[in-house]
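Given the structure of chain A, go ahead and fit chain B onto it with the hints provided.
2 protein chains.
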Amino acid sequence: MAHPKYSMKQIAKTIDHSLLKPEMTRDEVKTGCEIAKKYDVASVCCKPADVKFCADLLKGTDVEIGTVVGFPHGSSTTETKVFETKQAVADGATEIDVVLNIGLLKSGLNQQVQDDIAAVVKAAGDKTVKVILENAYLTEAEKVTACKLTEAAGAHYVKTSTGYAPTGATIADIKLMRSSVSPKMKIKSAGGVRTLDALIEYLDAGISRSGATTTAIMIDEYVERFGRD
Amino acid sequence: MAHPKYSMKQIAKTIDHSLLKPEMTRDEVKTGCEIAKKYDVASVCCKPADVKFCADLLKGTDVEIGTVVGFPHGSSTTETKVFETKQAVADGATEIDVVLNIGLLKSGLNQQVQDDIAAVVKAAGDKTVKVILENAYLTEAEKVTACKLTEAAGAHYVKTSTGYAPTGATIADIKLMRSSVSPKMKIKSAGGVRTLDALIEYLDAGISRSGATTTAIMIDEYVERFGRD
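Chains as they are written, first to last, in the numbering used here: chain A, -3 to 225; chain B, -3 to 225.
These are calculated hints, taken from the structure and not from any lab test. Model, not experiment: these values are computed from the prediction.
Same chains, same label: a pair holds when it works inside one copy or across any pair of copies.
The list that follows gives simulated cross-link-like pairs (lysine-lysine, DSSO-like), each with its CA atoms no further than 30 Å apart:
#, residue 1, residue 2
1, Lys102, Lys55
2, Lys26, Lys144
3, Lys34, Lys102
4, Lys55, Lys34
5, Lys5, Lys48
6, Lys180, Lys123
7, Lys82, Lys102
8, Lys1, Lys171
9, Lys144, Lys48
10, Lys26, Lys102
11, Lys102, Lys33
12, Lys48, Lys102
13, Lys17, Lys82
14, Lys17, Lys182
15, Lys171, Lys17
16, Lys182, Lys123
Here chain A stands alone, though its shape is the one from the complex (with noise of 0.2 Å):
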């Protein structure tokens, strides 16, 4: 019987497949772009190092290729967060997920921080920016803020965490995230959403995308539980 709500189509572009992970080899990564286009999930989100390499690899499909900005600590300088995405965009990449200046945010120098995202927005041009809270490290107050310095700054998505800091994603902080924004924002979760069920309640909670790992067990368990499209 078929899912009521999400297609399996609906599930896998809404998966971020993550290779981040610093110790991945490039076989490793490989591996991953192979799961990205046999699930035809809705980007890679891979290493700088590796946009020019993923990009190659996925030529073709309809995978996009997303990578990270000053990550996970966001304590690049602007300059360095804007030849970055340049960088990023020249090799290849259509999706930037860049971390926020925590230290500036938690300091209360808020106009600081939303030149730094305006700026790696610009430098994007035409590509999907996606600014990451780090919400292990804020207040409640602070995330809300963050959210709306980053719709003020012109990026498109909202995002609960980088993975890498000591918390993740929790249903509570996305429902925050989604009334902190306007409706047309949208959120990404990352960082501990590992199963069908979980990821499931994630998309009921507000989100667009999640970051995965676990993404071929994901979409398994879903065609075993509802079939395919």
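Just chain B now, kept in the frame of chain A:
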């Protein structure tokens, strides 16, 4: 009674006072700089976006301004690492701690790893370059290879860890690294050297520098046990 081997000054000048936590506010960074100044440590190791701020605070002192490049994953492109290095130096950094490309090392792409480091060394000009191997992710053979590539690339230090991987410095790794580079190369420990006794043990094993957050505790203990120089 004085310590038989290490003066207080020598201990202090071993310490790179770490101000790298992504969530550190500017007020906390300022306090960190005051500690670095009070205890006259070797350097602060600050976030790239804080280099100017720290350089202003430490002007006229004997404390070096260190920062990080491609930190903590080492997955940025060489071009981004070079850009980040040049900007750090322009902002006032005198020491650069760069993470090597862990994924390329583990893929056996040794020449690319060496070239990546060499490009940063060149961009740093006359500044000190420390190369973080991030031993947590490496086999014994990879640690040795990384030491040799670092020396061939012209860097000044091999450094054990970022402090943000599952494991940090070990005495066994210091011994392995010491035996894998020539005597002119220096070694920096980081991640987990938190007590005076540990720091002395690492000095005995051959380090020249250690990253630390417990700077005040360690030097206060030195004074209590061994007196001031």
